[in-house]
Amino acid sequence: MTALAQSIQTTPIWGGFRVWQRNRDAFVRAWKVEIGGIAVEPLVMLVAVGFGLGAFVEDIGDLSYAEFLAPGLIASQAVFHATFDSTYGAYLRMETHHLYEAILFTPLGPADIVVGEVMWGATRALVAGAAVLTMATAFGLVGSPLALLAIPTAYLIGLMIGSIAMILTATATTIGAMNNFFTLFVLPMFWASGVFFPLDRLPDGLEAAAWALPLTPSAALVRGLVTGDMSWWMLLWLLEMIAFTLVALRLASFFMYRRLIK
Amino acid sequence: MQSPTVISARDLTKRYRDLTAVDGISFDIRQGECFGFLGPNGAGKTSTMKMISCVSPVTAGELLVQGWDVTRDQRAIKSALGVVSQADSLDSGLNVLQNLLSYGRYFNIDGEAARRHAWEALELFQLRDKAYQSPDELSGGMRRRLLIGRALLHEPSILVLDEPTTGLDPQTRHLVWDKLLHLKSQGITILLTTHYMEEAAYLCDRLVVMDRGRILVEGAPSDLILSHVGQEVVEIRVDWRRKSQLLSGLNGHGLEAEDRGDAVLLYGVNGSNQIPSDLDDYDVIRRPGNLEDVFLRLTGRELRES
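Chains as they are written, first to last, in the numbering used here: chain A, 676 to 937; chain B, 235 to 540.
Keep in mind the hints are simulated off the structure, nothing from the lab.
In this text, a Cβ means the ideal position worked out from N, Cα and C, and glycines have one as well.
Heads up, some of the hints might be wrong.
Taking CB as the label site, the calculated pair distances span [to be verified]:
#	chain 1	residue 1	chain 2	residue 2	range
1	B	Q367	A	L767	19 to 27 Å
2	B	T293	A	L910	42 to 50 Å
3	A	N854	B	S373	44 to 52 Å
4	A	T846	B	P291	15 to 23 Å
5	B	R264	A	N854	39 to 47 Å
6	A	V722	B	T400	38 to 46 Å
7	A	L910	B	L358	54 to 62 Å
8	B	L415	A	A918	42 to 50 Å
9	B	D457	A	V703	34 to 42 Å
10	B	D303	A	L767	53 to 61 Å
Which bits of chain A does chain B cover? Going by a derived footprint, with three or more residues having C-beta under 8 Å, they are [to be verified]:
#	region
11	781-789
12	918-924
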C-alpha cells in the first residue's frame, strides 16, 4: 500500500465514511419505516403553530409568525433527527446489534465509529432540514435564495448536536439515560432557543444563558439565511457551532475509547 | 526448515484493575501453523487473543505480530488479521450479503473485488441461498459459518478464532474443521482457543495449556500426551464407596494413580503385566492417552467461576 493510501486510511474521516456507508445501507433497507417521521411532524407543527397559533400573534419585525417560525423549525428538526440517531439509534447499534464490537476487530477504532455515527446523524439532519425547507417554500415562507444554504447548515447542526449526543451514548449504562437527555436537555432547549419567539423578549440574564445553548446560534443562522436578513453576527454563530462540534467530537471519541478498549 | 515467526510474545502481561489475567507469558507462533490456546475459564486465553487483535492494550511485556508492535501499529496488524470473537456480532440491520460487503469496506475493500470475495465466502460456507436473508433468520451453525466467512473476506494472513465451534452440532463442527484445514493448507496461520480437546488435538500443530494467566506446557498434542500421560491410560470406573480401598491398594503397587471423580486413572502403564491382578473385579478400560488427560492432569479438577 502506498504511503498516501495508508494515511488516508488512518484518518477518522475515511474510517467514519465506512461506518456512514453501513448506516446508509441499513436505512435504505428499512426506509419504509423511517421515512414517515421526516415529513409528518414538521408539517403538522408548521400548520398548527405557524398558521393556526400564528394567526393570533403579531408580526415580528417584518416577518409574519409563520415566516419567523419556519427557519427555527428547520434548525430544530435537524437537532431532533441527529439527536435521535446518535442516542437511541447509536446505543442500539452498540449494545443490541454489537456493531461496534464487530468494527473493533477491523482496522477501524473508536474515533472512526464516533465520526461515522455523527456523520450519519448529520445526514439525517440534512434530509429533515431540507424537508422543512421544501414545505416552507411551498407555503411561501422563504424570503431569499440564500435559504438553500440552510441545507448544509442543517448538516453542520447535525454534526454539532450528534457529537454532543455521542458523549452521552459513550457514557450511558442504560438506554434510560437517553430519556433524560431528551427531557432535561433537548426539549427545554427546543422551547428556549429562539425557535418560537425572539430572545430579546427575555430578561438579560436568561437571554445570555439561551445563547449558550447550541440550538440558539443554529436557529439564528438559519433564520438569517432563509429570510435573507444577513449580518456579521452569522459568522460568529457559525464559529460557535464549529467550536461546539470540535470540542464535543473530541470528548465523545475519548469516552468511546474508554468504553470500548479495555 | 522452520517457518518464520509471525507472532511473538515476551513476558506478555494483562492486568485489569486488581485482576492479573495474563501473567508474563512468552510464546512464538510460526507461519502456517495452527496454534492452540487451551485452558479452563479465566486462564487468560481470550485476553491474549484480544491483545493480539489490538482491541485490548498490553499492560507489560512485548507483543509483535508480523514484526509490528501492537502498541503502535494497530491498523497494520488489524488489516492482516481475521478475527472471530466469542460474541456473535453479525449486523442485524443488514442482510447476509450486506454483512459481508460492509465488513469488507471496513478493510477498505469495495466495489467489484468486495462483491467477488463476498460471494466466494458464501459459496465456501454454503450460505449462497441465504444471501438476501436477515442474519436473524439463520440457525446458530449458519451464523457461525457466516462469522468465519466474514473474517476471511479481506484475505487475512492470520486467522484468530476464539472458541469457534462452541455450541455447534457435530455436523457443523466437522464442516468448520474441514474449512479450517483447507485454509491451513493455503498457508494461513490459525490461532485457536477451544474447550474441546478433540478439536485441539485434531487441528493444532502446537498448543499451550494455560491456567491462571500462565502457560503450563507447550508442544505438539502427540508429544504432550506422550510426556504427560503416556501412550496408554488405564481407566477404572469406580463408585465412591470402593474408591479409597482401590486407591490405597494401587499405592502399594507403586503406580501413578489419579482420582478424577468418576474414575481412577493409571498413567505410564506399559504392557498388561503391570496391571495388578486384584483389579479383576473392577470395571477396567484400557485406552490411548488423550489431550483431555493432559489437560485435567495439569489444571486439576477444581471448577473455575468466570
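Checked hints:
1. Q367/B x L767/A: 19 to 27 Å: holds, 21 Å
2. T293/B x L910/A: 42 to 50 Å: Given about 49 Å between the Cβ atoms, the range holds.
3. N854/A x S373/B: 44 to 52 Å: violated, 36 Å
4. T846/A x P291/B: 15 to 23 Å: holds, 20 Å
5. R264/B x N854/A: 39 to 47 Å: At 54 Å between Cβs, range violated.
6. V722/A x T400/B: 38 to 46 Å: Because 57 Å falls outside the window, the suggested range is violated.
7. L910/A x L358/B: 54 to 62 Å: For L358/B against L910/A, whose Cβ atoms are near 57 Å apart, the range 54 to 62 Å holds.
8. L415/B x A918/A: 42 to 50 Å: violated, 57 Å
9. D457/B x V703/A: 34 to 42 Å: Violated: the Cβ-Cβ distance is about 55 Å, outside 34 to 42 Å.
10. D303/B x L767/A: 53 to 61 Å: The hinted range 53 to 61 Å is violated for D303/B and L767/A, with Cβ atoms some 36 Å apart.
11. 781-789: With 4 residues closer than 8 Å to chain B, the region 781-789 of chain A meets the three-residue bar; holds.
12. 918-924: Violated - the region 918-924 of chain A has 0 residues with a Cβ nearer than 8 Å to chain B, which falls short of three.
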